[in-house]
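J.: Below, each chain spelled out in residue letters.
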Amino acid sequence: MSGSKIQRNSLMGIRLFIFYAVFYLAFVLVNAFATEAGEWQVVGGLNLAVLWGFALIALAFLLAMIYGLFCTDEGPAPESQVVSKSEIKN
Amino acid sequence: MIHEPSMMAVIIFLIFVGITLGLSFYLGGKAQSSSGYFAAHGQIPWFVNGIAFAGDYLSAASFLGICGMIAFYGYDGFLYSIGYLAGWVVALFVIAEPMKRLGKFTFADALNSKFQSRGIQLAAGVSTLAVSVFYLIPQMVGAGVLVQPLLGFSHWHGVVIVGAVVILIVVTAGMVSTTWVQFLKGSLLVAFSLVLTVLILQRGFEVRTGGVDGYSFTNHVIAEGKTAEQQLSELGYIVQESTGNWAGKPYWQVLTAERKRRLYRETSTGDSKQLMECQIVQVLGDGSKLINGEQAGKVQDDGRKVDLHPVGFISKLPNGQKTGAVGPIAFLATLNDAEVILWGSETVAEEDGTKTTVYYPKPTPGTHVLRPGENPIFSGIRQEGFWPKLNFLSLMLALFCGTASLPHILIRYYTVKDASAARKSTIVGIAAIGFFYVLTLYMGLGAMTSGALDVTNSNMAAPLLARSMNEWLFAMISAIAFTTVLGTVSGLILASAGAVSHDILKNYVGLEMTDHEQVRVAKLASVAVGVVAIVLGILFEKMNVNYLVGWAFSVAASANLPSLVMLLFWKRTTKQGIIAAVIVGMLSSLGWILLSADTFAQVYGTSRPEWLAAVIPFSQPGIVTIPLSFMTLVVVSLATPAHRDT
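Chains as they are written, first to last, in the working numbering: chain A, 1 to 90; chain B, 1 to 646.
Keep in mind that the hints were calculated from the coordinates and are not lab data.
Please note that the accuracy of each hint is not assured.
To be verified - Taking lysine to any residue and the SDA-like style, the derived pairs with C-alpha atoms no more than 25 Å apart in a straight line are: (1) B:K355 - B:V239; (2) B:K389 - A:W40; (3) B:K571 - A:G45; (4) B:K417 - A:W40; (5) B:K389 - A:E36; (6) B:K316 - A:G45; (7) B:K389 - A:A21; (8) B:K322 - A:G44; (9) B:K362 - A:T35; (10) B:K389 - A:F54.
Said to hold, decoys possible - Only part of the chain B face toward chain A is listed, based on derived beta-carbon distances under 7 Å: (11) A86; (12) V94; (13) V126; (14) L332; (15) R382; (16) M396; (17) G434; (18) Y437.
No residue lacks a Cβ here, since even glycine has one placed at the ideal position from N, Cα and C.
One chain only, chain B, in its complex shape (with noise of 0.2 Å):
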């Protein structure tokens, strides 16, 4: 029920890839030069740059990352709004117009503007590199988690599409295309979005038992001096004994009198306790599958696929048990005095092999969806000590800092003819990329409350909750969300492309080249990085898409933002100043992210040795990496020979 492939949605994301790959080698021509490749010879009216910045900018992870969070935790999904949005700040006042007169076609050229060192353009290049590709890898793993539901496709083919026609579209026309097909993607993510949002308003809230599909999830409150077993017995379910790793949870199993098998935890609510119903899935030692007792993916007799139900419901309204269409001042205010179902999972390991996952139901206050602190990134807020409160602070400064010094929306500041272009475009952006945000707050809740959602998949929140409302709308969605990945894939892959060929190649390594060739380089450097996308898109499967996102953000906020900002405001600042903050901020960030407890658990899957907590205590590592850099481009500048202008 949750993710039958729709013909619909096949048809238009083809359509929209059609149009994307036209449109490629329609403007294929206008990138001939390297100048043409790069920058799109500096030709792009600010207006189009600034909704291209917003479809460069609004990836997997804002859309579907951010929607799916907001969905299954509330407010804190909101945080990355905030934070995304406020790096816009730093790059419109601080980074915009230098940027444009300082370089040509890459970050590296701004940064050795006024050095002309080799050392520079390998370091920025190096830089701009490895942040390309921890940003392209959530995208990637994004393409895949988008393609196995809608279109019936494995992971690894829905990467292997993306990556192929994201590589047809960067080696046929370079920035042209890429800004015309962030254009229209931007374009089209902002208005359907709003198209969302009115209509989630007008839905408005209802209470609810089960999602869309009918089902109706049974609680039962377990009456004063009676025990969850007695109670259960009485309601005449066979109650199976908890034996092994059951054994001391708050899960009930118990047997129907059709014999269907179900779950229930006892959850304590105000000052009762109540049974409520779980959806469970186990994978057997054969590596079958059962939902909820029966054989995944078996007909049944009401001719549906059996899988988990969609959850995502409103339990308690504060007037009655429907509020019709609702104002958008209304719909928060609303949800913050009712009670919300909201699903958490565990993990159960049986000793003839089974695993079992138990999603089970959460009820909760409206005031807690709305509220910081309820999702396990930011939960540390809400506890007693430094070090969660300050991983907090580090990851919204990496945020803040990271958005002025990703490459890709860098090199955009060289498609517009001035500095005054490169203001009016950034400033456009902000408008569209700060409208989309406070959109994802309302389509998150929206998802929340749909009865659409998937209880395994928090990255398709946003398209199920479009499919709540009408297919066609969910088709639209889906191929937006498509072309999401696409565009942002490409603006990651020609930033690469830059570094390579101009950068490493051409300015580091001296290769001889003509315009010419040094397009072609970069379209086989495009095609290069591109494989690598797809194989690291496969690689990392299973990971957070977010999480991922916010490597890339602390990696590019602590080893580029540094060197560009003193370069523009401390005239003491040298090359070897440069060089060496690049770097530092560089394998600081990335090797602080790699020894935290966050990347042991999540990506090694061991415990991490007591002695690293002591030299790194929080995962986020931009309240650190930062300042570091910072420093070290002050003592290694002061320490070496100023720069003489000639």
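Just chain A, with the same shape it has in the complex (with noise of 0.2 Å):
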């Protein structure tokens, strides 16, 4: 796999990680120091505490379809970077 697609790919996923990283931290947050928010009612008798729940389990499903799609297929593997114990030093 060529160093450039290497760079795309995990470029992309860096970008995704924080997006997700931001929703996760937002409801944590808010859990922590506005647990009273999640009792509030938002929709057909659900409320934001479940919500928001379901709604990280589905944006974690959706970003990895995503990343899935977007990603540049790489073929196959270059021989392991693993060295054997002769090459081993203190």
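Hints in hand, dock the two standalone chains.
T.: Here you go:
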């Protein structure tokens, strides 16, 4: 796999990771510091805590699919970079 | 009634074990080389590996622990589901592809790919062992918990059975059979959880006064202007005086007209006060056990043995007494407007050596069941003060960072052929695991309102929920739960065996071994780790499964993740920085856990010295020890010569 393909995939992964991490962080902070907000009835008798929890699970799957669709396939794996025992130094 | 051994469960369990072992012997021929033994020759199809990820990850803690926590406390158990799944985002976007590109057999291979350092091999090998052993303990404890009520064996029998079967699996075929066992287990777990959820929705809700054994708990409203004692006397009970350690507590011991002993608890519900019937377990000074005043296990007139009554029911519904079948959204909306009877417990020690545990009903609004902060672990977020909230943040951080640092998960990236397959299998894993975690909320809440809960054992919520549906489903769910433990323990033992034979003995000690000798040593290491796991599983019998899993996640996230992430994204990282970060992360998280208030209370059973509270003000280490490990790596790397690529 070429270095540029690895970089492109890696950059996309980092961006999606940051997007999800912000969503997760907001969820955790709201639960910790504005706990009552979780009881707010948002829609259809469901409260914010339940909806946000489902949304986090659904978002993880959605982002994973986006990543899978837009990542560049790299072809066969290169030889492992692991060295043999004789190459291991102190 | 709650835990009568089921012959069908035993038969289905034996069939599952037979299939698992048969698969292991059949696939044994494919694992003669170290590449076959540790990494299944990198030939596992990505879809199979993805489901095997689910099989590896959905351990006893996920299935039994989360369902049980939701059944006993509500939404808080779902927080674990959310945290456990979020960790897979780190695994997919940050770790999956580099792990496959950099490594060969173990996590240490990936860390050491650039440096060829014996120190990294040792540090990462020891860290892998530490995390795996901590993760093994709850799995083995879970095995004992399952066997005890289902098959009628003692706890240690369950631990030994699971340990022996797992050792056989790992020794016969290594990663190939482990992967296929995980694939089967992951598929069955998700499929049967879906079946259970559909049945829960079909059943809907019903107002009840007791559990599935038909026993009806009595409650009495205290009339205005009367005391509890007066009310009970008017109802014809003989009220006994509360003396000793019972004095001042809200309990009233009475004798019924039939001379049966009952205990009521005075409870405020809205504007009125009620006397609600409790359940009691007494262990007398001579070791004999009474349940609700009668000898435990004694056969009664109706042929049933004296046992605690199953609990978990709805006491009020918004519209009527029964809902009929409901949809997944209507299920949550209805529960939100209902009232559920949850159960608390309190132990009272008496002067004559009798120890009485009272299980008392707690009428709880549905809105409270579906909000965070009801479980003692998370209740800090509803309290004043900063430390309890920080404790919560710390746990959620450890769950987020821990998944991508678990050795038995990381080694699964070597079983597929390339980085692309590693990515695809992680996506399949996220789909299966995410779907399962959505189902955990329904299974947990279904168990909470099933009338089948064992008030003493939250881990049995999911199997008992299945028993309330039908015996066949109970047998299947129990057998799957056993296989869940088998699968996860197999993966952990393999990761540990790799750390011992490949990282420590071959690459650190420098033991000269041929490929076949390395496999033989790994198999011996598997037996040794398996025996250690059996012993620890017996010793830690009384410990909470989820609590132990929290240890493993915190240690993994602190010791492994910082080094892996910095190796990938910071070119200035040195081997000394990695070694220091792994050691500091591992020791600081372990030290924090061992000196925390929770460990003193739950493990040592003593009070913690005052001065420690100032040093370690909350129990979950992640929010301190993960950044500490990152900082250590940066400081040590900057203080040591930069690595030059050759």
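J.: Would you pick out the hints that fail for this structure and give their numbers low to high?
T.: 3, 4, 13
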